[in-house]
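Peer 1: Given the structure of chain P, go ahead and fit chain H onto it with the hints provided.
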Amino acid sequence: MAKTAELLPGTLDMLILKAVSLKPLHGYGVLLRIRQISKDALEIPQGSLYPALYRLEHKDLIASEWGQSENNRRAKYYTLTAAGRRRLRDETAGWNRLASAIAAALNTTPEEV
Amino acid sequence: MFKRLRSLFGVLTRRRDFEDGMTEELRFHIEQYADDLVRSGMSPEKAARHARIEFGSLDSVKGDCREERGLHLFDEFRRELSYAARLLRKTPGFTATALLTLAVCLGANLTIFAVIDSVLLRPLPFPEPERLVTIFNTYPRRNVSSPLSSSEPPAKRRNVVTINKIQTDPPFEF
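These protein sequence lines are chains P and H, in that order.
Each residue of the first sequence is one higher than the one before, counting from 1 in my numbering.
Each residue of the second sequence is one higher than the one before, counting from 1 in my numbering.
Isolated chain P (complex conformation):
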């Protein structure tokens, strides 16, 4: 199994938005999807997933609806709202700026200074 990385504070919300933007998912599905799209590198602590989902729904970034799961059980499905889509775009842009800035800083060699 690949090495798992610790989640930085504030990144869980971003990852959840990304996961439900691909396809409506129930809570457990969000967990699996994040694991899958991070190629098993990110492990979400199960206890913090639902508070985050409730927080995002409260901020109207995601919406929930009861539906049927793959094995015909009643499950709550989350979808991205328009506000959520905007937020995901902003956060993605912000994250990419930050990540490339830090990467550039860390990869500086003595000759470049």
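Please keep in mind that the hints were generated in silico from the structure rather than gathered at the bench.
Hints are supplied without guarantee of correctness; some may be wrong.
Stated by the list, open to error - Listed next, the in silico BS3-like pairs over lysine-lysine satisfying Cα-Cα at most 27 Å (straight line):
| id | chain 1 | residue 1 | chain 2 | residue 2 |
| --- | --- | --- | --- | --- |
| 1 | H | Lys3 | P | Lys59 |
| 2 | P | Lys23 | H | Lys62 |
| 3 | H | Lys90 | P | Lys23 |
| 4 | P | Lys39 | P | Lys76 |
| 5 | P | Lys76 | H | Lys165 |
| 6 | P | Lys18 | P | Lys39 |
| 7 | P | Lys23 | P | Lys76 |
| 8 | P | Lys18 | H | Lys62 |
| 9 | P | Lys76 | P | Lys18 |
| 10 | P | Lys23 | P | Lys39 |
| 11 | P | Lys76 | P | Lys59 |
| 12 | P | Lys76 | H | Lys90 |
Peer 2: Leaving out everything else, chain H in the frame of chain P:
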């Protein structure tokens, strides 16, 4: 802000549904995880136990979820209220004194305000109340002065500039 208030209001009016939904959602998660563990070769009993342990305390997760929805403030408020009610029931003497004090203060306040309102604040029911006068008949020799009655017109007018209108009956009740 408005959306959050609406979300909070929706949850508060259907609190039961919220709690039931949350319980069902979390149970679904744990059972789904246990099923996956069984599929990967774990015995059902062990899988169920493992899934529960890894999820952590249900109550603390539920508490966190409620907090994210802003519900904890209402729950705390309700707890405080019932605590206050219990304390008041336990000390009837104090409760009676406090209630009586409040009642008397409120009553006195209300009375004083009602008087001030009708005497000072509310304008008299005349077009130019600042020009109102009361007309007296004075009898200097007998050293008597009395307000006019309706059957008794003013005897003499002296030093009176203009009187527009004489109203004999008060247009309101004292």
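Peer 1: Just to be careful, I want the Cα atoms of lysine 23 of chain P and lysine 76 of chain P compared with a cutoff of 27 Å; is the pair within it?
Peer 2: Between lysine 23 of chain P and lysine 76 of chain P the Cα gap is close to 13 Å, so the pair holds against 27 Å.
Peer 1: Hint check: lysine 76 of chain P vs lysine 59 of chain P, CA-CA at most 27 Å. Holds or violated?
Peer 2: 17 Å, holds
Peer 1: For the pair supplied as a hint, lysine 3 of chain H and lysine 59 of chain P, confirm whether the alpha-carbon distance does not exceed 27 Å.
Peer 2: 7 Å, holds
Peer 1: Just to be careful, I want the Cα atoms of lysine 18 of chain P and lysine 62 of chain H compared with a cutoff of 27 Å; is the pair within it?
Peer 2: 24 Å, holds
Peer 1: Has the given pair, lysine 18 of chain P with lysine 39 of chain P, been kept, meaning a C-alpha gap of at most 27 Å?
Peer 2: 14 Å, holds
Peer 1: What's the verdict on lysine 76 of chain P and lysine 18 of chain P, does the C-alpha distance respect the 27 Å limit or exceed it?
Peer 2: Holds - the C-alpha atoms of lysine 18 of chain P and lysine 76 of chain P are around 18 Å apart, at most 27 Å.
Peer 1: Is the straight-line distance between the alpha-carbon of lysine 76 of chain P and that of lysine 90 of chain H 27 Å or less?
Peer 2: 46 Å, violated
Peer 1: Is the straight-line distance between the alpha-carbon of lysine 23 of chain P and that of lysine 62 of chain H 27 Å or less?
Peer 2: Satisfied, since the Cα-Cα distance of roughly 25 Å is no more than 27 Å.
Peer 1: Decide if the proposed pair is consistent with the structure: lysine 39 of chain P and lysine 76 of chain P, CA atoms, cutoff 27 Å inclusive.
Peer 2: 25 Å, holds
Peer 1: Under the criterion that the straight-line Cα-Cα distance not exceed 27 Å, is the pair lysine 23 of chain P, lysine 39 of chain P satisfied?
Peer 2: 18 Å, holds
Peer 1: So if I understand the rule, the pair passes when the alpha-carbon distance is 27 Å or less; does lysine 76 of chain P with lysine 165 of chain H pass?
Peer 2: 80 Å, violated
Peer 1: Given the hint that lysine 90 of chain H pairs with lysine 23 of chain P, test it: the Cα-Cα distance must not exceed 27 Å.
Peer 2: 57 Å, violated
Hints 3, 5, 12, counting from the list given before, are not met by this structure.
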